[in-house]
Amino acid sequence: MTDGQWVGLFSGGKDSNWALYRALEDGLDVGRLLTVHPEEDSYMYHVPATSLTELAAESIGIPLVNVDPGDLDALDAEDSGAQGDRELEPLEAALRDLAPSLDGGLAGVTAGAIESEYQTSRIQAMADRLGCEVFAPLWQEDPEALGEAMLDAGFEITILQVAAYGLDESWLGRTLDHQALSDLRELNDEYGVHLLGEGGEFETFVTDGPHFDRAIELEYDTVWEGNRGHVEITDARLE
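Numbering (full-length UniProt numbering), first residue to last: 1 to 239.
In case anyone wonders, no lab produced these hints; they're calculated from the structure. The model shown is predicted, which means the values in this text are computed figures rather than measured ones. It cannot be assumed that every hint is accurate.
Stated by the list, open to error - Pairwise CB distance ranges, derived in the manner of DEER restraints:
hint : residue 1 : residue 2 : range
1    : Gly131    : Gly173    : 36 to 44 Å
2    : Glu225    : Asp26     : 38 to 46 Å
3    : Leu238    : Ser121    : 32 to 40 Å
Glycine is no exception: its CB is placed at the ideal position from the N, C-alpha and C atoms.
Using the sequences and the hints, build the whole thing.
This is the structure in structure tokens:
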């Protein structure tokens, strides 16, 4: 690995948390977490409840950098590839600005992609332009094994949003535990639901883990819209 410090690309969800946790376990010097806060659906970024990353970063003990991607509405008419490239621009600019403040410069970024070539190829190309590395410990790993590893490590994972056939309102706010993984296996067999929601079937937030100093308590309401839904956080605090 190169000299310098690492930046954890961090949404608060299970995948970016696992990448960060594995980086810390491997002894990488993660100097900052960085969260992009898209307002609408995004090709590149996790959207739900990214404001909660402030609490997560406080519990983890690594300073957080927040990035506003700006207004991307004008990109709606473009193809997905062009939009993904444009969505990455604010992240790349933020990393470029951040690099001089890191001890030894920017060594690399952690990324939580599992199977998305769309995301991973763009993050790798960005890293190449920045002259840094990518640490992506979930990439092309078995989803079921990853889910079990997260739970065995002590991750506490809450489902914030669902948008797939077979996932009903009962999944909103549900803890992603061993029973939930078993239920997801059945839904995968029947409907093709990805075990870890890699296709956007569901989104999560990690409220506790081995890299947390204190757990996060959530209070929320649920919103169901016929075939998809989300939780609206009404209160969040560190225990």
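Going down the list of hints, with the structure as the test:
Taken as a hint, the range 36 to 44 Å holds for the pair glycine 131 and glycine 173, whose Cβ atoms sit roughly 42 Å apart. Between glutamate 225 and aspartate 26 the C-beta distance comes to about 41 Å, which sits within the given range of 38 to 46 Å. At roughly 36 Å, the beta-carbon separation of leucine 238 and serine 121 lies within the given 32 to 40 Å, and the hint holds.
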